[in-house]
Amino acid sequence: MKALLIDTIRCTGCRSCQVACKEWNELPAEETSFFGGPGYQNPKDLSKNTWNLITFNEVKLNGRLKWIFGKKQCMHCLEPGCVSACPVGALEKTADGPVIYHKNICIGCRYCMLACPFQIPRFDFDSPNPYITKCRLCHDRQEMGEIPACAKACPTGAITFGEREDMVREAQRRIAENPDKYHHKVYGLEEAGGTCVLHISSVPFEEIGYITDIPNEPVCANVKPAMKAIPAVMLGAALILGASYKFRNRTRDEEPAAHG
Amino acid sequence: MSTEVKGRFGFGSFILFVLTVLGIVLALYRFATGIGSVANLNQGYPWGFWIGFDILAGIALAGGGFVIAAVVHIFGSEKYHALVRPAILTAFLGYLMFITGLLVDIGRPWMIWSMMINWQHESPMFEVGWCVMLYTTVLLFEFLPVVFEKYKMAGALKIWMNIMPLVAIVMLVFFAWLLSRSTQWTVVIAAVLVIFELAIRGGVLKRDPRVPTLLIMAGIIFSTLHQSSLGSLFLMVPHKLSMIWFSPILPVLFFISAVMAGMAMLIVESTLSSKFFRRGLELNILQGIGKGLSWVILIYLAVRVVDLAYRRVGSELLATSPQAVAFWIEIVIGLLIPLALLLTPQGVASGRGLFWAAIFVVIGLVVNRINVAVTGISGGSYPTYYPHWMEVAISVGIVSLGILAFLLICRNFPIFEKEHSHAASA
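Chains A and B, in that order, give the protein sequences.
If you read the first sequence in our numbering, its first letter stands for residue 1, the second for the next number, and so on.
If you read the second sequence in our numbering, its first letter stands for residue 1, the second for the next number, and so on.
Just chain B, same shape as in the assembly:
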């Protein structure tokens, strides 16, 4: 059973509020005068901090939602159930934050609907756009039971349980057709989904009484697709992206690192919300996540090393260039240090070790995405891009707004499970 939690809005929340207001003011200024008045972007560097941080890093960090949904509802690890609702809420708010960031970054945001009627199935940007639109909708649907529970709408929950599998099938099949434009693929994918649902309705497969499995599956499939497609965006620029990052398997690397970052964010946000809401920290749950995280870091590191070796990237990594330095920050802070922390018994036994390992993974992920989008890009003869403080301030404002919204919703809706007696105190 979940419950609302108490947490004081104090000085920290006040700071977040101020940062939000500053971000909003600067965003209004940008809409009134053009991107150039707040950003250092130029004709050689059309993408900057907003794409790297708000969009690439933001979406990867919101990956905790689909990872935990898969672990609990598909792979059946019930132990982590308490993390599902906070993670779904974080992911939902994360995607709304990212969409806000996107509206600031694109030059003509009032035309964003253009993507809904002008179909370009060969553009990775088109795929990301649609996937994000559909996944945000899925996250909203996944969050609805919280609202039903709060307002005791048992009837609505029943309708939701019945309709959502069909909605999920329609979304997935439409998307399959939109991106493949192939009747065969569409029919095969539709058949698999319909058979699965019939098996559940016919009692061949056991029904999950809490949530329609197909809705969870839709969330995981859309996430897998766009987390990797964010990497595909940069397959378009072999002529501009440094050898250190340009790889034909960028989509795979982006997907694995999104799983990694999503898990790290689960640890970070559980720890922080236990502090804020003065709840016990369920250390054994987080230790389980930490163990999984160390495996994902190992896999990611291995794929990264093999990829670099296969493409014979060597001297570039040892040069004294900003790119090489940025690469080593990503590897050492983002992968090696957290791995070391997670593999030492003392590191895992304490909540602090876990927390810091997760923080380092998050920092490493942000650095990686900014490296791909900004540091690794060569703009030729144009002045090297460094973010303007107003660009950073707008992103900070958006994140602050997201955190405030999270705190507010947790206080008013049943997001966290009732505390168990065995919970360790933090």
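For reference, chain A alone in the conformation it holds in the complex:
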């Protein structure tokens, strides 16, 4: 299983990855305004035309204001909530890691958006023929033996792509070699059961706008037992109803009319 490793310390906020993502996926530019979002961040948020966003976070570090850049995109969970939620299988977790979207069978119910703990899938509320949009970890490039466009474009080595185990080891190695520089946590290692996009940073992740109150078990952990119970409920209900019918049937014979 492949994964991305994002090292926010190495990121200079050049946004080549943002541009590369748009180029590869043929996404048009967005009309933006200066200071339209938080600080110099542009655009404001992910959208149907922006699947990868470098976030600009102003953080106070050792008494000095510093920019720390984050990367917002689909996390490609190991057990994705969106995939368990989708009633038609429009979202699929591929064996290589990417969570991909089959737009033609989607019914537009938006349950994937609700299920996503990272708030990533976007829905086009302004179109009469809307789709869900999100990063697909350049699934198509990977099939051709290429690495994702964002990783390819990054000039500083802030985005590394490889086997997930190797990326986890690499992240832990960087933290261990520079324990003062890094916050001691690999974001994505355990969140929602683990993801195929891992982040390391110099500051706690809540300070750079990441969602951090995500349970460590997969999103579908509570749903699975409820779905498993369905045949048992059916059998139990059939037996109880059948037995009640037989029992009450007898009393009905005895007192036919207005019996309560």
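Calculated directly from the structure, the hints in this document are not laboratory data.
For glycine and all other residues, C-beta sits at the position ideal for the given N, C-alpha and C.
Among the hints, a few may not be true.
Listed next, the in silico EDC-like pairs over lysine to aspartate or glutamate satisfying Cα-Cα at most 16 Å (straight line) [what the hints assert, rightly or not]:
1) A:K185 <-> A:D213
2) A:K228 <-> B:E122
3) A:K246 <-> B:E122
Derived, one-sided and incomplete: chain A residues facing chain B with beta-carbon distance under 7 Å [claimed, not checked]:
4) K103
5) I107
6) Y111
7) F125
8) D126
9) S127
10) P130
11) F205
12) N222
We have chain A already, so just place chain B on it with the hints.
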């Protein structure tokens, strides 16, 4: 024997008609321009009023159909027989209304059939979708005798009596396989159903001459499953739904409250239709329902309290947050006030006390479902969602259309039983 009833279409019906037209116009506008032009939904709040009201509350309120079918045809309380046909009709129209609401809410409604060929048995949404599809079909079948009676089709009724048990078995067995993907479960469930039908055909069990018992059972089983699965939908969001509502037993809570709301709706609609059609109100029947309702409220309240205590939810309920306020509205208006009304002899003796108790239960249920789907959901940094007036107007339009259809069908088909001499006047 049932009969058509007379009722005047007056000013009230005219208002309903206007609301329906407004709803249709706004729905057309939404289909032409996208959901964003009529709804305040955003990327952080993908679900809103439509899911909470049309779907979660609507389906629970239509639960009267399966509750009364169980009480009369399975548990054998013949006293309530007069309520079966109106309740089945209400449930059928209720489900059609809900499906209409769903088509407005989902972004690509023309793809809804996608669910029929792309099977995802681990998705609660998939389960709800199939259950609703099958139960609506069952409701249509349960309603057919009314049509046969109206057009004096005795032959068709006979065929219906013969075929429906088989149809019910096929539906249930297919559904069991679809959701379990397990041969063992499917075979066991099929065996139980087939043995039951053979026992009836072989005379071991007495046959209900009015309706095939297996069809009623199919309706009850599908209802039990999807009423609870609507709660399972929200088991997916422990990270977004407030502690006040997120509980592993949400499916159980949704099922019990659907039974409760279904019973309340029986009282509400019987009272209202007795007014509209100027028929006598069979108070002793409604008192029986009221008594049952008070028990279900007690059970629901007890399960709710134990669940909250077990999960150690306390300070959240006493905070001055909109969520805490919404919770107390649900508990006080939806459970405590109706319980008080139902437990006082004066409250039950008069039709008015019963009616208001039922109305409060219905309001409480609607608030509860909206709380789970909207109020309790946290959308992070996105602007807090409040429904747009056009969202509400579309839902109101759908409900108005449903009420008009109910009145029209009651005037033209034998839904209500002929009045008995002992009926009290309302």
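Subject >> Hints that the structure is at odds with (numbers, increasing) >> reply: Numbers 3, 4, 11 - these are the hints that the structure violates, sorted from lowest upward.
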